[in-house]
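Asker: Taken in sequence, the protein lines are chains A and B. Residues 1 to 282, numbered by the numbering used here, are exactly what the first sequence covers, in order. Residues 1 to 282, numbered by the numbering used here, are exactly what the second sequence covers, in order.
No wet-lab data here; the hints were simulated from the structure. One or more of the hints may lead you astray.
[Unchecked claim] No farther apart than 20 Å at their CA atoms in a straight line, the calculated lysine to aspartate or glutamate pairs in the DMTMM-like style are these:
| no. | chain 1 | residue 1 | chain 2 | residue 2 |
| --- | --- | --- | --- | --- |
| 1 | B | K265 | A | D225 |
| 2 | B | K41 | B | D52 |
| 3 | B | K41 | B | D66 |
| 4 | B | K86 | B | D60 |
| 5 | A | K167 | A | D155 |
| 6 | B | K86 | B | D155 |
| 7 | A | K265 | B | D60 |
| 8 | B | K265 | A | D75 |
| 9 | A | K167 | A | D60 |
| 10 | A | K265 | B | E259 |
| 11 | A | K41 | A | D66 |
| 12 | A | K86 | A | D52 |
[Stated by the list, open to error] To spell it out: a stretch of chain A is covered by chain B in this simulated footprint if at least three of its residues, at any positions, have a beta carbon under 8 Å from a beta carbon of chain B; those stretches are:
| no. | region |
| --- | --- |
| 13 | 58–65 |
| 14 | 140–151 |
| 15 | 190–199 |
| 16 | 218–224 |
| 17 | 234–247 |
| 18 | 255–262 |
[As the list claims (entries may be wrong)] Non-contacting residues of chain A with respect to chain B, defined by C-beta distances greater than 10 Å in every case (computed):
| no. | residue |
| --- | --- |
| 19 | R53 |
| 20 | T203 |
| 21 | G214 |
| 22 | H250 |
Ideal Cβ placement from N, Cα and C applies to all residues, glycine included.
2 protein chains.
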Amino acid sequence: MPQFEQLSIVGVGLLGGSIALAARERRVAGTIVGIGRSPAKLANLVSQGMLDRVATSLADGVATADLVIVATPVDLVAETVADVRKSAPASCLITDVGSTKHDIVAQVVASSMGSHGQFVGSHPLAGDHRSGAEFSRANLFVGRTVVVTPDASSDAEAVSQICEFWKALGARVVEMSPAEHDQAVALTSHLPHAVASALASATPAEVRQLVATGWSDTTRVAAGDAALWRQIFLANRPQVLAALDQFNQHLALLRAAIEAGDGAKLEQLLAEGKRIRDAVGN
Amino acid sequence: MPQFEQLSIVGVGLLGGSIALAARERRVAGTIVGIGRSPAKLANLVSQGMLDRVATSLADGVATADLVIVATPVDLVAETVADVRKSAPASCLITDVGSTKHDIVAQVVASSMGSHGQFVGSHPLAGDHRSGAEFSRANLFVGRTVVVTPDASSDAEAVSQICEFWKALGARVVEMSPAEHDQAVALTSHLPHAVASALASATPAEVRQLVATGWSDTTRVAAGDAALWRQIFLANRPQVLAALDQFNQHLALLRAAIEAGDGAKLEQLLAEGKRIRDAVGN
Numbered sequence: 001m002p003q004f005e006q007l008s009i010v011g012v013g014l015l016g017g018s019i020a021l022a023a024r025e026r027r028v029a030g031t032i033v034g035i036g037r038s039p040a041k042l043a044n045l046v047s048q049g050m051l052d053r054v055a056t057s058l059a060d061g062v063a064t065a066d067l068v069i070v071a072t073p074v075d076l077v078a079e080t081v082a083d084v085r086k087s088a089p090a091s092c093l094i095t096d097v098g099s100t101k102h103d104i105v106a107q108v109v110a111s112s113m114g115s116h117g118q119f120v121g122s123h124p125l126a127g128d129h130r131s132g133a134e135f136s137r138a139n140l141f142v143g144r145t146v147v148v149t150p151d152a153s154s155d156a157e158a159v160s161q162i163c164e165f166w167k168a169l170g171a172r173v174v175e176m177s178p179a180e181h182d183q184a185v186a187l188t189s190h191l192p193h194a195v196a197s198a199l200a201s202a203t204p205a206e207v208r209q210l211v212a213t214g215w216s217d218t219t220r221v222a223a224g225d226a227a228l229w230r231q232i233f234l235a236n237r238p239q240v241l242a243a244l245d246q247f248n249q250h251l252a253l254l255r256a257a258i259e260a261g262d263g264a265k266l267e268q269l270l271a272e273g274k275r276i277r278d279a280v281g282n
Numbered sequence: 001m002p003q004f005e006q007l008s009i010v011g012v013g014l015l016g017g018s019i020a021l022a023a024r025e026r027r028v029a030g031t032i033v034g035i036g037r038s039p040a041k042l043a044n045l046v047s048q049g050m051l052d053r054v055a056t057s058l059a060d061g062v063a064t065a066d067l068v069i070v071a072t073p074v075d076l077v078a079e080t081v082a083d084v085r086k087s088a089p090a091s092c093l094i095t096d097v098g099s100t101k102h103d104i105v106a107q108v109v110a111s112s113m114g115s116h117g118q119f120v121g122s123h124p125l126a127g128d129h130r131s132g133a134e135f136s137r138a139n140l141f142v143g144r145t146v147v148v149t150p151d152a153s154s155d156a157e158a159v160s161q162i163c164e165f166w167k168a169l170g171a172r173v174v175e176m177s178p179a180e181h182d183q184a185v186a187l188t189s190h191l192p193h194a195v196a197s198a199l200a201s202a203t204p205a206e207v208r209q210l211v212a213t214g215w216s217d218t219t220r221v222a223a224g225d226a227a228l229w230r231q232i233f234l235a236n237r238p239q240v241l242a243a244l245d246q247f248n249q250h251l252a253l254l255r256a257a258i259e260a261g262d263g264a265k266l267e268q269l270l271a272e273g274k275r276i277r278d279a280v281g282n
């Protein structure tokens with residue numbers, strides 16, 4: 001028997017589509033319903049077998065759901081969850097896949113008086129620099145980390161079920177408060193994006209013929225969608241600014257050692273970066 | 001008939017070893033001689049078939065060479081080339097694989113009065129974050145760029161032969177002056193390394209469990225050898241400092257847009273980084 005009789009996914013892009021494929025392959029859900037604004041695109045996903053049926057109205061799509069995944073852009077998550085709660089059964093679990101958590105969880109909690117459904121925030125650290133359901137894959141979450149972010153108001157059973165859901169898709173689950181999550185991803189995800197983008201922008205056309213794998217690796221994430229990253233940076237502004245300041249301090253130390261010609265200090269700083277990079281691996 | 005009757009390689013690490021393997025496979029050289037300080041290690045490379053014979057004295061190893069590749073650490077290149085010139089035949093071509101070019105070429109030119117051999121600097125944009133002859137491979141240069149850096153004193157025929165040599169190993173050759181080269185690689189190689197290192201160092205242990213592919217890509221080059229990179233940064237100091245300043249300006253623009261909550265400006269900056277990254281590809 002699947003963990004959830006009906007799984008409804010709001011926003012079937014790369015993440016929503018991969019959740020559908022993984023839930024199907026691993027028999028985690030009975031019926032899988034896709035909800036979105038483009039009936040033609042969704043109908044195509046039904047004919048491919050990714051979805052069982054589609055709904056273009058949120059109310060229709062979640063009315064009999066046991067689990068709803070809100071996989072919309074991050075700035076629409078809180079209001080979409082609020083809308084889901086108006087139409088979903090009282091026992092329905094709700095989670096999201098947003099890259100920031102504090103503001104989303106706070107808004108959902110603030111709007112949840114008397115409404116239906118148990119919301120627990122999630123952030124799967126999985127993806128691709130390409131977006132769109134056509135790049136979905138059933139193994140997207142295998143071996144990846146999903147952060148689940150309960151707060152003081154979360155129902156323990158709901159938290160446990162959401163954690164089990166992600167594990168069933170092959171992920172490793174880490175629980176953190178929404179604030180801890182946002183501080184951590186500012187350093188591990190948002191800062192690298194800002195740095196990669198500035199690095200790409202600092203590379204004038206005339207030197208690009210000398211680009212090799214080092215530059216390509218270091219700038220790779222800068223190919224991410226600009227509108228999506230704009231939202232992420234703004235949704236996590238204080239943490240991103242703090243992360244940038246932390247980075248700038250380290251880069252300033254390196255610059256000072258180079259400027260002073262202080263080889264010993266320079267090597268010590270580079271060895272520290274290498275130690276941390278080696279400890280993470282891959 | 002091979003392009004060179006005898007190829008001698010001074011310093012048989014990842015690059016020197018890969019040149020030996022590629023020259024053998026592509027029949028670019030008749031006899032391949034390795035020169036280094038560790039007879040046991042070199043003898044092992046002979047028994048593996050990478051080298052035909054070894055020499056622990058530079059004079060012996062280059063006495064009958066047609067082409068000498070100096071693949072020592074960058075701070076030893078100029079003096080090694082000067083030593084090669086004392087013992088090599090007058091017609092012998094000499095190149096190197098150093099990551100910086102202006103100082104090396106200037107020192108070689110300054111020391112070349114009346115000595116033998118035609119030196120033309122090279123920088124293969126190929127490598128690995130691992131070092132050592134055991135990671136050598138015959139296809140290391142295939143499809144990669146090698147920058148050849150003649151100056152006003154270079155012999156045109158020598159430049160042409162060095163270019164042909166790299167092309168014969170499968171590389172794409174770009175000619176640039178030593179100064180142009182150093183300015184370009186400061187932006188495309190040295191700056192990414194500094195940024196990756198600072199980014200790794202700015203990541204505290206407690207958040208590393210949330211590291212995903214974005215962080216891993218952006219910091220990958222920070223795993224490079226600290227002693228080697230110390231030399232590269234110091235050998236190219238003014239250009240690296242200028243590249244860091246250029247980067248800092250772009251990052252400051254991003255930071256200001258985030259701090260001001262200026263979504264339109266932020267998206268414009270991110271789109272510019274994406275445009276450049278997409279143009280390079282892979």
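Asker: CA of K167(A) to CA of D155(A), is that 20 Å or under?
Answerer: Status holds; Cα separation ~19 Å.
Asker: With the threshold set at 20 Å, check whether the alpha-carbon distance from K41(B) to D66(B) stays at or below it.
Answerer: 24 Å, violated
Asker: Verify the proposed pairing of K41(B) with D52(B), using a straight-line Cα cut of 20 Å.
Answerer: Cα-Cα ~14 Å, so holds.
Asker: Please count how many residues of the region 218–224 of chain A have a CB within 8 Å of a CB from chain B and say whether that reaches 3.
Answerer: Since three or more residues must qualify, the claim that chain B covers the region 218–224 of chain A holds, with 7 doing so at under 8 Å.
Asker: Per the stated criterion, does the least C-beta distance between T203(A) and chain B lie above 10 Å, as a non-interface residue requires?
Answerer: Answer for T203(A): violated, closest chain B Cβ roughly 6 Å.
Asker: When I compare C-beta atoms, does the region 255–262 of chain A have three or more residues closer than 8 Å to chain B?
Answerer: holds (count 4)
Asker: Are there at least three residues in the region 58–65 of chain A whose beta carbon sits under 8 Å from a beta carbon of chain B?
Answerer: violated (count 0)
Asker: What's the verdict on K86(A) and D52(A), does the C-alpha distance respect the 20 Å limit or exceed it?
Answerer: Roughly 23 Å between the alpha carbons, so the hint for K86(A) and D52(A) is violated.
Asker: Against chain B, does the region 190–199 of chain A show at least 3 residues with beta-carbon separation below 8 Å?
Answerer: holds (count 9)
Asker: Next pair to validate is K265(A) with E259(B); report whether the Cα-Cα distance is within 20 Å.
Answerer: Since the Cα atoms of K265(A) and E259(B) sit roughly 32 Å apart, the hinted pair is violated (cutoff 20 Å).
Asker: Take the C-alpha atoms of K41(A) and D66(A), compute the straight-line distance between them, and say whether it is at most 20 Å.
Answerer: Roughly 24 Å separates the two Cα atoms, so the pair is violated.
Asker: With the threshold set at 20 Å, check whether the alpha-carbon distance from K86(B) to D60(B) stays at or below it.
Answerer: 11 Å, holds
Hint check: violations occur at hints 3, 7, 9, 10, 11, 12, 13, 20, 21 and 22; the rest are consistent with the structure.
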